[in-house]
Amino acid sequence: MIEARNLSFSYFDRKALEDVDLVVKAGEFWGLIGPNGSGKSTLLKCLCGILAPQKGEVLLEGKPLGSYRRREIAQKIAMVPQESAFSLNFTAYEVVLLGRTPYLERMQLERISDHEAVQRAMEKTDCWGLRDRRIWEISGGERQRVVIARALAQTPRVLLLDEPTAHLDIAHQVEVYDLLSALNRKEGLTILAVSHDLNLAGEYCGRLALLEQGRVRAAGGKRDILAPGLLGEVYKQSVSVQDSPVTGEPHVFLVPNKQEIQSREGKSP
Amino acid sequence: MKSRSLVFLWLFALLILASCLSLVVGPTQVSLKDILHPQEAPVLITLRLPRLLLGILAGAVLAMCGGAFQGVLRNPLADPYILGVSSGAACGAAVALALGLGPVLIPVMAVAGAMITLYLVYTLARIGGRLPADTLLLAGVIAGNFFASLLMLVMALSRRELREIVFILLGNLGVVFTSKTLLLFEAMSLAAIACLLVVWWHWRDLNALALGEEVAESLGVAVDSVKKTLFVVCSVAIAGVVALAGSIGFVGFVVPHIARMLLGPNHREVLPASLLLGATLLVLSDILARSIAPMELPVGIVTSLLGVPFFVYLLQKRKRA
Amino acid sequence: MKGIGLFAGLVLLLPLGCSAPGRKAKEQAVLVIKDQLGREVKFERSVQRVVSLAPSITETVYALGAEAKVVGVTTYCDYPPEARQKEKVGDFFMPNLEKMVALKPDVVFLIATGQSQTLMKLEGLGLKTFVLNPESSEQTLESFRLIGKVLGLENNADLLCQEVQTTLGKVRDKAWGQPDHPLVYMEIDSAPLVTGGGKSFVGELIRIAGGRNLFEDLPQPYGVISAEKVVAGKPEVIILAHPNVKAQDVKERLGWGAIPAVKSGRVYDDLNPDVLTRPGPRMGKAAEVLSHALYESP
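Which chain is which? The protein sequence lines are E, G and Y, in order. Those letters in the first sequence? Residues 1 to 269, by my numbering. Those letters in the second sequence? Residues 1 to 321, by my numbering. Those letters in the third sequence? Residues 1 to 298, by my numbering.
Any given hint could be a false lead.
Distance condition first, Cα-Cα at most 30 Å in a straight line; then the derived DSS-like pairs of lysine-lysine [said to hold, decoys possible]:
(1) Lys227/G - Lys15/E
(2) Lys86/Y - Lys69/Y
(3) Lys76/E - Lys55/E
(4) Lys228/G - Lys76/E
(5) Lys180/G - Lys229/Y
(6) Lys149/Y - Lys229/Y
Where chain G lies over chain E, by a calculated footprint (3+ residues, C-beta under 8 Å) [unchecked claim]:
(7) 104-111
(8) 200-214
Ranges of calculated distance between the beta carbons of each label pair, as one might list FRET restraints [what the hints assert, rightly or not]:
(9) Lys33/G - Gly114/Y: 25 to 35 Å
(10) Gln117/Y - Ile138/E: 38 to 48 Å
(11) Ile116/G - Ala26/E: 49 to 59 Å
(12) Leu182/G - Arg133/E: 45 to 55 Å
(13) Ile138/E - Ala13/G: 32 to 42 Å
(14) Glu186/G - Ser67/E: 46 to 56 Å
Derived from the structure by calculation, the hints contain no laboratory data. Each residue gets a CB set at the ideal place from its N, CA and C atoms; glycine is no exception.
Chain E extracted, bound-state conformation (with noise of 0.2 Å):
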């Protein structure tokens, strides 16, 4: 479905990725993780044709990502953003439509079709009794409900999501991959998420890509990914894992420095 290959961005003055080869398939949960700094975000951005490699390219549907006009990998893929800085206070209900912006011209109205899409989005991501309420008066995360419905309208076939529960509570937290892991199963929504957590990727997302400094340290099944081996290399902390006692889902457990657990044990009974 979507494929970088070769990919090398470098900002102004540092070089963000390297050779970053990537293959994600039709139907795939894909979670992107790894340190701080290792070109997550980058790496979306330039998935969705944001930024322009320097070398190397992306491949939609089979084609380079440059051989496609703007509207038309805006209508195959949509992004949602870390941050969502909204400079106008717009209804939910408007912030949604504007997701209908790829399939509208210049001078024209929005359709029937238009808003039939908008309703159908806001009522997966459960924000529809939102719609008129103005978007810098509900709550962070009904706000970033209202994103996903935006990045939904699209009709998408594939959704990039920049840690899309970052300022997020739990139940939220929840809330959102659930939906996600629905998306992906009965719509075969092609996801890919990036995410700080890897308990929630571990959870949820089938196959991960564990980025290292702008590489691709691995990439394959959740298993292989998550082994205490590697990812104590690559976050430079160790880590211990084991599968979650409800869904037999892997799950990863930070482990203290060893002062830590020795002053523990000296105070403890």
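Assemble the complex: chain E is given as a structure, and chains G and Y must be docked to it using the hints.
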């Protein structure tokens, strides 16, 4: 939807009312009936109508471009002069005046000045092929100050009186037209209308930009190209207005906010509403500027006096929210 | 022998000693003159080096015959033409203070309006300043006398005053004898439109010459007015006191064709604006020229 059309109807009616008032107020007695039979009152056609049309054009351009800049720069404090365009335009016009280049070349030089300023701002603000909004604003302030100083220098060297500088900096609609310059004004108006149409054409892009530049990009908006187009087109229109009427403040900043308060933030409505409101505000301000005292006040003083209390009110409203 | 030499030396030195106290006696007569701001300015010795910060003052100093004493003028001081050769100390608003100090003037002449900043700076630098305020014809004549006093040329000043007053008198007499007093619009600038009102210097000249100023009641001496006020006022004579616009241009202004002055062709663009607006020795000439425009056929 119905209430929206009603608002526009009201705005249009307000503009018509302000225009009629503008035609009726003045040292010569003119009654409303005379508007229908202008041959009876030649002062209407020769003096009041051109002044009214200039006011409508200037108000419309400033308000709509102010709204466009607020949208493109994602900054509610932006105004049409934020990129230094008005200083560059005024400087170009002043150079043309100082060189005695005649009335046709003055607006041409103003547009040239504006384009040079824009080019400078672009070059200063460019970071790796992109134009981030905050560096644009900073570059605009720098360029604006530079050209304002240059303007002062040109004025001082060409022995202009302080009063003339004040009127250029604060704006004045009291242009004395000749039949030649009236033709020029008509041409400039057509160009300005074309510019405003291009701005309105981008309403959805401006909406999308409010979600963030990257999101807009991911929605298929050619963000850099849209920015450049809007900057150039607005700068041309603003340069024309500055060449004729000087730099009138506050209209471009305050009016889009009022439009948003009335109609919500959707640019499809905010832009035309700003056009109507801006024209009305400036026409009303000009009526005051030319009738309050035996001498003419620079119209920018009136717009500021009307605009400042409104700005305070906006701040209070924000604080409570 | 040595005693005689010493005595002779003393005798020879005596005249020096005698005259010194005498000279000192003259120098000690300090001149205190009140300038037109009411400040009392002391002059301990005669004024030999003069800096003028206004064109009208420069004209006056030259008219009094004190050309040799002028060491610094502004860039605007263009009359008489010889004044252009003098050292420039900047212009009306932005004087070059360093240069002025370097010229070591005995007095700096300034104008009261618009130079208060400069006045403070000059005083701060320890230069002697003398301020004139020639807003009316009376004050202008007074300024001649005061400048004359400062320069020790009171006789010349009196002569100049007499000359100007005679000219003004002639103009007044001529005006008095006229059957009509035309309505005058005096244009000082065109963008924006600026006129001289009743309180301005040109306003007074118009009165002396027998005209009626369309903007006699303007609250400020000079002010910006709307074109419509001029057209509605229907002036009979238009005087363009600035070089930017010609009479032909005025005729082309929309709506101005209805003005009596334009219809009858009584739009004058050939009057020297410096003569009309500088309150100085050419004041009489200004009144004459205005009188000519008002009463001689075009």
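Structure-based check of all given hints:
1. Lys227/G - Lys15/E: 27 Å, holds
2. Lys86/Y - Lys69/Y: 11 Å, holds
3. Lys76/E - Lys55/E: 23 Å, holds
4. Lys228/G - Lys76/E: Given pair Lys228/G, Lys76/E holds - Cα atoms ~27 Å apart, limit 30 Å.
5. Lys180/G - Lys229/Y: Since the Cα atoms of Lys180/G and Lys229/Y sit roughly 22 Å apart, the hinted pair holds (cutoff 30 Å).
6. Lys149/Y - Lys229/Y: The hint is violated at about 45 Å.
7. 104-111: Coverage by chain G holds for the region 104-111 of chain E (3 residues, Cβ < 8 Å).
8. 200-214: violated (count 0)
9. Lys33/G - Gly114/Y: 25 to 35 Å: 48 Å, violated
10. Gln117/Y - Ile138/E: 38 to 48 Å: 57 Å, violated
11. Ile116/G - Ala26/E: 49 to 59 Å: 52 Å Cβ-Cβ, so the 49 to 59 Å window holds.
12. Leu182/G - Arg133/E: 45 to 55 Å: 52 Å, holds
13. Ile138/E - Ala13/G: 32 to 42 Å: For Ile138/E and Ala13/G the Cβ distance comes to about 36 Å; the hint holds.
14. Glu186/G - Ser67/E: 46 to 56 Å: Given range 46 to 56 Å: holds, Cβ gap about 47 Å.
In summary, the structure is inconsistent with hints 6, 8, 9 and 10 from the numbered list given earlier, while agreeing with the others.
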